[in-house]
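Student: Assemble the whole structure, with the sequences as input and the hints as a guide.
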Amino acid sequence: MKNTETFAESLARCGVKYHFAYPITPATDVMKRMAVILPKYGGQMMQMESELAVSSALAGAACSGTLVATSSSGPGMTLMHEAVGFMCAAELPCIMLDSMRVGPGDGDILGAQSDYYVATRGGGHGDYHVIVLAPSSGQEIADIMPHGIRLAYKYRTPVLFVVDGVSAQTTESTTLPAYNDYSAEFDTTDWAFTGTQDHPKRALITGSYSHQDGYEMNEMLRAKYERIRENEQLWESEGVEDADLVVAAFGIHGRMCKDLVAKMRADGKKVGFIRPITLWPFPDRAFEALPDSVKDILVVEMNLGQMVDDVRLAVNGRIPVHFLGKTGGDLPMYTLSDMIAEANRILEK
Amino acid sequence: MENLSAKYGKTLNLDKLTSYCPGCGHGIVTRLVAEAIEKLGVMERTVGIVGIGCGGFSHHYMDIDAIEATHGRSPSFAIGYKMAMPNNIVFTYAGDGDTCAIGLGDLLHAANKGMPITTIMVNNTVFGMTGGQMSPTTLEGQVTATTVKGRDTSTQGYPLLVPEMMRAMPGVKYLARETVATPKGVRKARKSIQKAFECQVKGLGYSFVEVIVPCPTGLKKKVKDAYDWCGNQMIDYFKPQVFKDETEQGDVA
Ligand code: SF4
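Chains as they are written, first to last, in the working numbering: chain A, 1 to 349; chain B, 350 to 602.
These are calculated hints, taken from the structure and not from any lab test. Any given hint could be a false lead.
Here are the simulated lysine-lysine pairs, DSS-like style, with alpha carbons at most 27 Å apart [to be verified]:
no., chain 1, residue 1, chain 2, residue 2
1, B, K462, A, K32
2, B, K570, B, K537
3, B, K388, B, K593
4, B, K551, B, K571
5, A, K349, A, K270
6, A, K326, A, K349
7, B, K588, A, K201
8, B, K570, B, K588
9, B, K544, B, K359
10, A, K201, B, K593
11, A, K224, A, K201
12, B, K551, A, K201
13, A, K326, A, K258
14, A, K201, B, K570
15, A, K201, B, K498
16, A, K295, A, K258
17, B, K570, B, K388
18, A, K40, B, K462
19, A, K295, A, K326
20, B, K551, B, K540
21, B, K498, B, K544
22, A, K224, A, K154
23, B, K498, B, K570
24, A, K201, B, K356
Tutor: Okay, structure coming up:
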């Protein structure tokens with residue numbers, strides 16, 4: 001199954017009721033699949049006329065406490081940020097997918113990881129974050145979806161999945177979960193906008209609030225983001241305990257790191273890897289805990305260097321950080337042998 | 350305020366002073382919306398989605414759930430909400446700037462989808478809250494903060510006739526333009542706003558009412574002059590009328 005279809009199946013099987021989307025390569029297969037399967041689960045995919053309308057409808061539906069989702073790609077995400085910022089201010093849960101393609105501007109439909117900055121820095125104006133999950137395979141998409149939904153409801157926040165466009169379109173075998181509505185684990189009655197029959201007037205005011213209310217909202221969000229930073233860092237690592245060199249990469253390059261480490265270890269080279277699974281909060285702890293044996297870190301991305309900034313912040317000058325990245329054109333990514341060659345160059349320097 | 354509640358019902362919150370300027374048409378339209386909700390007995394399952402601008406405050410004066418949407422997007426918010434809560438009543442309320450400048454795309458597509466939601470567009474031909482700039486509905490020759498020599502149609506186009514744009518859409522089941530510039534106009538506007546909500550309660554399709562109102566502050570006119578101008582120049586161009594009424598079908602749910 002294509003990983004975009006896996007994403008759709010995972011959404012539907014984990015309880016997503018409504019999916020709003022606008023066609024865009026390489027994310028469109030998600031909405032196509034949702035249009036077919038959601039009615040079977042009592043839901044609906046609604047194709048909107050623009051991504052501005054998509055994210056607004058998403059926010060409107062999320063106000064009711066219902067589990068909702070969207071799927072898009074770089075230029076579409078750019079437009080969606082208006083209402084994503086609204087949802088963060090209003091504390092509304094939802095699941096989003098950015099099937100990343102190359103930019104800037106409208107870019108090209110080739111897969112890339114060029115949305116790391118906008119994904120992890122909020123994307124719109126004001127001080128906010130969304131939780132960002134970066135699965136590296138179809139199976140991980142299916143496995144991590146329940147966790148993503150729980151995070152969305154636990155913290156009442158949009159949760160963004162980022163998958164590079166190459167992985168998104170990869171076909172691989174995946175075991176899908178049985179149907180379970182994970183949002184049902186959470187009680188929304190104390191905040192959902194369902195009409196005043198069971199609560200006094202509720203008003204979602206995210207624009208014309210008073211200066212005092214605005215200040216309090218921002219401080220409340222700051223505290224929430226600190227809790228998320230503290231409790232929700234996720235990563236996979238291997239071979240770092242005695243490593244001379246650690247390779248850090250997310251998504252598809254992160255997946256390739258497993259082979260890289262196995263191959264280089266077989267050659268007697270002490271190499272380990274860290275694959276961040278949450279991009280926000282960034283797994284600082286994985287880097288802070290690196291042993292003194294680690295002399296260098298190599299960051300590999302399908303972009304011109306974005307996550308590398310967070311790695312540098314995480315090690316705070318303690319370990320030199322190198323970068324290997326490529327994006328766009330006919331060859332949008334480095335191969336495993338390119339990565340090994342660069343790792344050897346650093347080890348031999 | 351008990352006596353007034355007995356007269357006006359529970360939807361209109363009479364304990365609050367409005368933030369509208371003296372003589373603003375929003376006050377009348379807000380009351381008419383509250384009356385329609387009250388009359389249909391749907392207050393407890395109604396959600397107002399308001400835009401950015403002076404109309405964004407309208408929900409403060411009604412005891413209903415409310416969402417202040419991003420600028421121009423309230424129709425899309427309403428679509429999402431209605432899908433998730435099909436038995437609830439959802440209306441959008443915003444000015445001409447919000448509804449037909451930044452939000453025109455969302456508005457026309459929402460109307461064309463024909464989903465049972467209701468839009469009240471309050472048209473005073475200017476951006477009121479930001480200080481009287483030109484809006485898409487500013488009349489030809491009208492002086493505003495950004496059309497200092499009057500709106501020049503050769504570069505700035507013509508005042509936008511929104512219901513006329515929706516007329517051909519089959520999903521639109523109730524479509525009217527009214528005014529509150531005169532007592533007679535208020536009576537007609539009351540009826541149209543009620544019909545628009547009734548259309549939704551019956552689940553028939555999209556309903557839309559444009560209400561022509563004076564904005565004394567944005568128009569930089571005394572209250573009386575603003576009403577005179579609204580009741581003459583404005584409604585001469587924006588002619589009040591019921592364009593479409595297909596509400597006489599189906600039962601009230
Ligand atoms: S600026 Fe105009 S529209 Fe706004 S409250 Fe004052 S009179 Fe009403």
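Student: Against this structure, judge whether each hint is valid.
Tutor: Going through the hints against the structure:
{"no.": "1", "hint": "B/K462 / A/K32", "in the structure": "holds (19 Å)"}
{"no.": "2", "hint": "B/K570 / B/K537", "in the structure": "holds (25 Å)"}
{"no.": "3", "hint": "B/K388 / B/K593", "in the structure": "holds (22 Å)"}
{"no.": "4", "hint": "B/K551 / B/K571", "in the structure": "violated (42 Å)"}
{"no.": "5", "hint": "A/K349 / A/K270", "in the structure": "holds (15 Å)"}
{"no.": "6", "hint": "A/K326 / A/K349", "in the structure": "holds (22 Å)"}
{"no.": "7", "hint": "B/K588 / A/K201", "in the structure": "violated (36 Å)"}
{"no.": "8", "hint": "B/K570 / B/K588", "in the structure": "holds (22 Å)"}
{"no.": "9", "hint": "B/K544 / B/K359", "in the structure": "holds (20 Å)"}
{"no.": "10", "hint": "A/K201 / B/K593", "in the structure": "violated (33 Å)"}
{"no.": "11", "hint": "A/K224 / A/K201", "in the structure": "holds (25 Å)"}
{"no.": "12", "hint": "B/K551 / A/K201", "in the structure": "holds (24 Å)"}
{"no.": "13", "hint": "A/K326 / A/K258", "in the structure": "holds (20 Å)"}
{"no.": "14", "hint": "A/K201 / B/K570", "in the structure": "violated (36 Å)"}
{"no.": "15", "hint": "A/K201 / B/K498", "in the structure": "violated (46 Å)"}
{"no.": "16", "hint": "A/K295 / A/K258", "in the structure": "holds (20 Å)"}
{"no.": "17", "hint": "B/K570 / B/K388", "in the structure": "violated (35 Å)"}
{"no.": "18", "hint": "A/K40 / B/K462", "in the structure": "holds (22 Å)"}
{"no.": "19", "hint": "A/K295 / A/K326", "in the structure": "holds (24 Å)"}
{"no.": "20", "hint": "B/K551 / B/K540", "in the structure": "holds (16 Å)"}
{"no.": "21", "hint": "B/K498 / B/K544", "in the structure": "violated (40 Å)"}
{"no.": "22", "hint": "A/K224 / A/K154", "in the structure": "holds (11 Å)"}
{"no.": "23", "hint": "B/K498 / B/K570", "in the structure": "holds (17 Å)"}
{"no.": "24", "hint": "A/K201 / B/K356", "in the structure": "holds (21 Å)"}
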